[in-house]
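Trainee: As they're listed, the protein sequences go chains G and H. Take 5 as the starting number for the first sequence in the working numbering and just add one per residue. Take 418 as the starting number for the second sequence in the working numbering and just add one per residue.
Hint data in this document are derived by calculation from the structure and do not stem from the laboratory. Beta carbons: idealized from backbone N, C-alpha and C, even for Gly. Treat the hints loosely; a few may be bogus.
[Stated by the list, open to error] Chain H is nowhere near these chain G residues, computed Cβ spacing over 12 angstroms in every case: (1) Met139; (2) Val178; (3) Leu192; (4) Leu222; (5) Ile240; (6) Val305; (7) Val313; (8) Ala317; (9) Leu320.
[Unchecked claim] One side of the interface only, derived from the structure: several residues of chain H facing chain G at Cβ under 8 angstroms: (10) Ala467; (11) Ser499; (12) Ser501; (13) Leu529; (14) Leu533; (15) Asp542; (16) Leu543; (17) Thr594; (18) Gln617; (19) Val646; (20) Ser647; (21) Thr649; (22) Lys656.
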Amino acid sequence: MKYFLKKLGLLAFTLFVSVSLNFFLPRLMPGDPARALLDKMDNLQPEQLDTIRAAFGLDTDEPTIVQYGHYLRNTLKGDLGTSFSRFPMPVAEVMRVALPWSIGLMGICTVISFTLGSAIGIAAAWKRETRLASMTVGFFSFVRSFPYFWLGLVFIYFFAFKGRLFPIGGAYTVGVDRGTAAWWLSVLRHGTLPALTICVSSLGAWILTMRNNMINVLAEDYITVALAKGLPLQRIKSMYAAKNAILPSVTGFAMSLGFVIGGGLVTEMVFAYPGIGYMLYQAVNAKDYPLMQAIFLFIAVAVLIANFVADIAVMLLDPRVRDGAK
Amino acid sequence: MKKRVLMAFALCALAVALTFGQTPKRGGILRMTPAKQGVLVQNFNPFSPASLESTVGCFYETLIYFNFVDGSANPWLAEKWSWSKDLKTITFTIRSDVKYNDGSAMTVEDVLYSSLLGKENKALDLSGLWSEGLQTVTASGRDVSFTFAEVNVTTLEKFGALVVVPKPVWSKVDPLTWTGNLSPVSTGPFMLEAGSFNEQSYKLVRNPYYWQKGKDGKPLPYIDGIQYVSTTNEQVGFKLLAGEYDWAGYSLPNIEDYVKADPEHNKYWFPEGNLVFLYMNNLRAPFDNVAVRKAIAGAISQRDITRKMSPSPAPAAMSAVKSTFSDIARGATAKYDIKRDVSKAKKALEAQGYRLNSKGVYEKAGQALSFKLYVPTGWTDWVGAAETVAGQLKEIGVEATITQAAWPDPYQYALEKGDWDLAISFISVGSTPHTQFTRWLHSSRFAPLGEKALTFSNMRYKSETVDKALDAYRSEPNPARQKQYMATVVEQFMKDTPCVPLFFNPTWFIYSTRNFTGFPSPADPYAWPIVNGMQKTPILLRLQKR
Chain G
5 MKYFLKKLGL
15 LAFTLFVSVS
25 LNFFLPRLMP
35 GDPARALLDK
45 MDNLQPEQLD
55 TIRAAFGLDT
65 DEPTIVQYGH
75 YLRNTLKGDL
85 GTSFSRFPMP
95 VAEVMRVALP
105 WSIGLMGICT
115 VISFTLGSAI
125 GIAAAWKRET
135 RLASMTVGFF
145 SFVRSFPYFW
155 LGLVFIYFFA
165 FKGRLFPIGG
175 AYTVGVDRGT
185 AAWWLSVLRH
195 GTLPALTICV
205 SSLGAWILTM
215 RNNMINVLAE
225 DYITVALAKG
235 LPLQRIKSMY
245 AAKNAILPSV
255 TGFAMSLGFV
265 IGGGLVTEMV
275 FAYPGIGYML
285 YQAVNAKDYP
295 LMQAIFLFIA
305 VAVLIANFVA
315 DIAVMLLDPR
325 VRDGAK
Chain H
418 MKKRVLMAFA
428 LCALAVALTF
438 GQTPKRGGIL
448 RMTPAKQGVL
458 VQNFNPFSPA
468 SLESTVGCFY
478 ETLIYFNFVD
488 GSANPWLAEK
498 WSWSKDLKTI
508 TFTIRSDVKY
518 NDGSAMTVED
528 VLYSSLLGKE
538 NKALDLSGLW
548 SEGLQTVTAS
558 GRDVSFTFAE
568 VNVTTLEKFG
578 ALVVVPKPVW
588 SKVDPLTWTG
598 NLSPVSTGPF
608 MLEAGSFNEQ
618 SYKLVRNPYY
628 WQKGKDGKPL
638 PYIDGIQYVS
648 TTNEQVGFKL
658 LAGEYDWAGY
668 SLPNIEDYVK
678 ADPEHNKYWF
688 PEGNLVFLYM
698 NNLRAPFDNV
708 AVRKAIAGAI
718 SQRDITRKMS
728 PSPAPAAMSA
738 VKSTFSDIAR
748 GATAKYDIKR
758 DVSKAKKALE
768 AQGYRLNSKG
778 VYEKAGQALS
788 FKLYVPTGWT
798 DWVGAAETVA
808 GQLKEIGVEA
818 TITQAAWPDP
828 YQYALEKGDW
838 DLAISFISVG
848 STPHTQFTRW
858 LHSSRFAPLG
868 EKALTFSNMR
878 YKSETVDKAL
888 DAYRSEPNPA
898 RQKQYMATVV
908 EQFMKDTPCV
918 PLFFNPTWFI
928 YSTRNFTGFP
938 SPADPYAWPI
948 VNGMQKTPIL
958 LRLQKR
């Protein structure tokens, strides 16, 4: 319980720090949001900047610390403000549109590659002398080194542009009624290539970590003892070796869940997938503080909570932590 | 027999004339790229600086349409206008046949309401009329009069950005922050197809009440609607090649591949956009010396710069005016044009007392002609151009070291304060040379070193002759005499060579004539193919199904 409370206290503290950093960091960035709208292509005039500043509410004389106070109060109330780059849309509304797609695509892919990668890693370590095992590990280490971006473009070129097996981009077929079976089917079809890109390039990491952990654990004395006792091999593999070997991966998995939000950037750019990673990138370029803050806040909260859950999971899985916690 | 053949021929010719000349072909959904990449958010508020580009031009319309290609003002929601004798009041006659897409009539009251919004709230003054000194707006019958504090006939252009909204709808909300304008009640040729808006696409359909009539006597537009589908720079090339767009406003480095894929239909036109120039700080030595500035200009070959860029933008002339306005620069060009001539440029520097040092750089009194050349970070096309410029300068013994600086800060701020010697900069050309040169050279934009100028394009240059001519233009409604004033400005500009014009940023316009005809092209540049605001509207009204 003490362990649990300690972790909970730490969660609250880190949340506060990240919320505060979230306010100050974007403001340390040089440049102002009205000017960011001026681009080499635009026909906007310097005189119009004041108009835009007035609209954004940037013509305020409030000291930063007062603004910080407002920000803390509004954040607690759940009011995330109004986006600049999509003015006058509320940030919450802008995020609501993009979040489900990011969580859907990246979330599912992260879970798939973690599960699949760990399973392959376990098998590869267990049968590490076989040719298949070393070939699998070799193959995925090779694939892992492809740039994400490039892999996505290659997939589009062969499977969508030349092969016409999948659509070039987007999240679903334009013009199909949302929620119908045909629409869900088109979501699957559109999601296949992005998902394949993400899984193929991230699988390698999970396989390698899991395999290395597993090999270390297999060299432990208690495994030898278990073998000597004549326990069934499957039991040794899953209950004695894998259960311990997966602990570091669980923490890694929790971390990677946090990157579900921002990590989709490249996929969203290449496949024009309507997610929040690309939106964050645009918000940073446009100096859209409110939107940036909200997305960073979301990421911070997601990472912190995922870590908290991972800590609890490790506590449940690992008797050493559990006993130490008593 | 012969007669009958002739008759048949005549009939055929008549039929051909009827199909191609008289009856326009209606129908078809035009597929366009939205200006915003990534997630689309339903924002059709014309008072928002971040609204979707269909808001003005597809939904909402303006009093006049100011054509950015030839700088002409054209009747739109107002059928005519005239200036008062003292040139301080302009009176527009509002069309009486304009209807909103719900069938109700647009009233003079709506125009009055829309015009007055910017008076109370600066943030609603998107046309900039009130900051231009607008004093009162009054209505009488179908006439609406605008009275200004000072004489300035060029404010006419700003009415091309005065959006008319229905008062009954907008007076009930706070126009600036209203997010509920999901299906705009507006006068424009298109309206939103109900339920079509989502995060990656939306569809417009024709407004059945649209006030403009086609050649067949039925309401415009000829096309049935527009389908916007979101894409990104990274994949738009694939989509274009796969024939998924009829009109794309994106930059595409390998544009020739697109054309090669279907030379008959796949086309592009990158008309001259904003002017990019080599900025020289006219208040800092050695650029305070006109002979040095001219020598620098003599090192530059605009053609060599643009040839190395992909796709190639249009090179600029030393007069800095767009090719469509080149007639005003004819006299000045004959007198003061500077062509690349390395030996002449070197001789000019030597005449100023510069001598080559051991590094091959000209030097006078221990001061070498060695500078940092600033470019906004990551604007790769410009960085490439800067490299060519630096190479050309090196040939005349001037050293320019390319230094990237972040946009907008510190780049804009440093230029506004005049901290840098050399930079690649730009000026928005607007609709006419007068707009361009006022924004650029008028002394109201000038500031001494260290003080903040109104724009980063200010190169610390001013000239009484330029000021006088620009000011005189403002009180001269006669276009022929306006031209003369502009010729004076351009002549002084070329004489003083305060900077070196390099090239015009391309306006990205990639299109396919597979499904539609009537796009503007270099052969028929009837409108500026930019997706923002009213410039696209005449195009959307002219397009016909193939």
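Trainee: Could you run down the list of hints and mark each one as holding or not?
Mentor: Okay, the hints, checked on the actual structure:
1. Separation of methionine 139(G) from chain H is adequate, the least Cβ-Cβ distance of about 33 angstroms exceeding the 12 angstroms criterion.
2. Not every beta carbon of chain H lies more than 12 angstroms from that of valine 178(G), the smallest distance being close to 5 angstroms; the non-interface claim is violated.
3. At roughly 16 angstroms from the closest C-beta of chain H, the C-beta of leucine 192(G) stays outside 12 angstroms, upholding its exclusion from the interface.
4. The claim that leucine 222(G) is not at the interface with chain H holds, since no C-beta of that chain comes within 12 angstroms of its own (minimum 44 angstroms).
5. At the 12 angstroms boundary, the C-beta of isoleucine 240(G) stays outside the reach of chain H, the nearest C-beta of that chain being 48 angstroms off.
6. Chain H leaves valine 305(G) outside its interface by the beta-carbon criterion, the shortest separation being 21 angstroms against a cut-off of 12 angstroms.
7. Its beta-carbon lying about 28 angstroms from the closest one in chain H, valine 313(G) satisfies the requirement of being farther than 12 angstroms from that chain.
8. The Cβ of alanine 317(G) sits about 33 angstroms from the closest Cβ of chain H, beyond the 12 angstroms cut-off, so the non-interface label holds.
9. Against chain H, the non-interface label of leucine 320(G) holds: every CB pair exceeds 12 angstroms, the least being about 38 angstroms.
10. A distance limit of 8 angstroms between C-beta atoms decides the matter here; for alanine 467(H) the minimum to chain G is near 4 angstroms, and the interface restraint holds.
11. Interface hint at serine 499(H): violated, since its Cβ lies 27 angstroms from the closest Cβ of chain G, which is beyond the 8 angstroms cut-off.
12. With its C-beta approaching chain G no nearer than about 25 angstroms, serine 501(H) sits outside the 8 angstroms limit, and its interface hint is violated.
13. Here the hint on leucine 529(H) is broken, as its CB sits about 21 angstroms from the closest CB of chain G, past 8 angstroms.
14. For leucine 533(H), the interface hint is violated, the least distance from its beta-carbon to any beta-carbon of chain G being 16 angstroms, above 8 angstroms.
15. Because the smallest distance between the Cβ of aspartate 542(H) and any Cβ of chain G comes to about 6 angstroms, under 8 angstroms, the interface hint for this residue holds.
16. At its closest, the beta carbon of leucine 543(H) sits 7 angstroms from a beta carbon of chain G; the interface hint therefore holds under the 8 angstroms criterion.
17. Look at threonine 594(H): its Cβ gets to within about 4 angstroms of chain G, closer than 8 angstroms, so that hint holds up.
18. Taken as an interface hint, glutamine 617(H) checks out: its beta carbon lies about 5 angstroms from the nearest beta carbon of chain G, inside 8 angstroms.
19. Against a cut-off of 8 angstroms between C-beta atoms, the interface hint on valine 646(H) holds, since the closest Cβ of chain G lies about 6 angstroms away.
20. Interface restraint check for serine 647(H): the shortest CB-CB distance to chain G comes to about 6 angstroms, inside 8 angstroms, so the restraint holds.
21. Of the supplied interface hints, the one on threonine 649(H) holds, with its beta-carbon coming within about 5 angstroms of a beta-carbon of chain G, less than 8 angstroms.
22. For lysine 656(H), the shortest C-beta to C-beta distance to chain G is roughly 6 angstroms, which falls under 8 angstroms, so the interface hint holds.
The structure fails hints 2, 11, 12, 13 and 14 (numbered hints given earlier, in ascending order).
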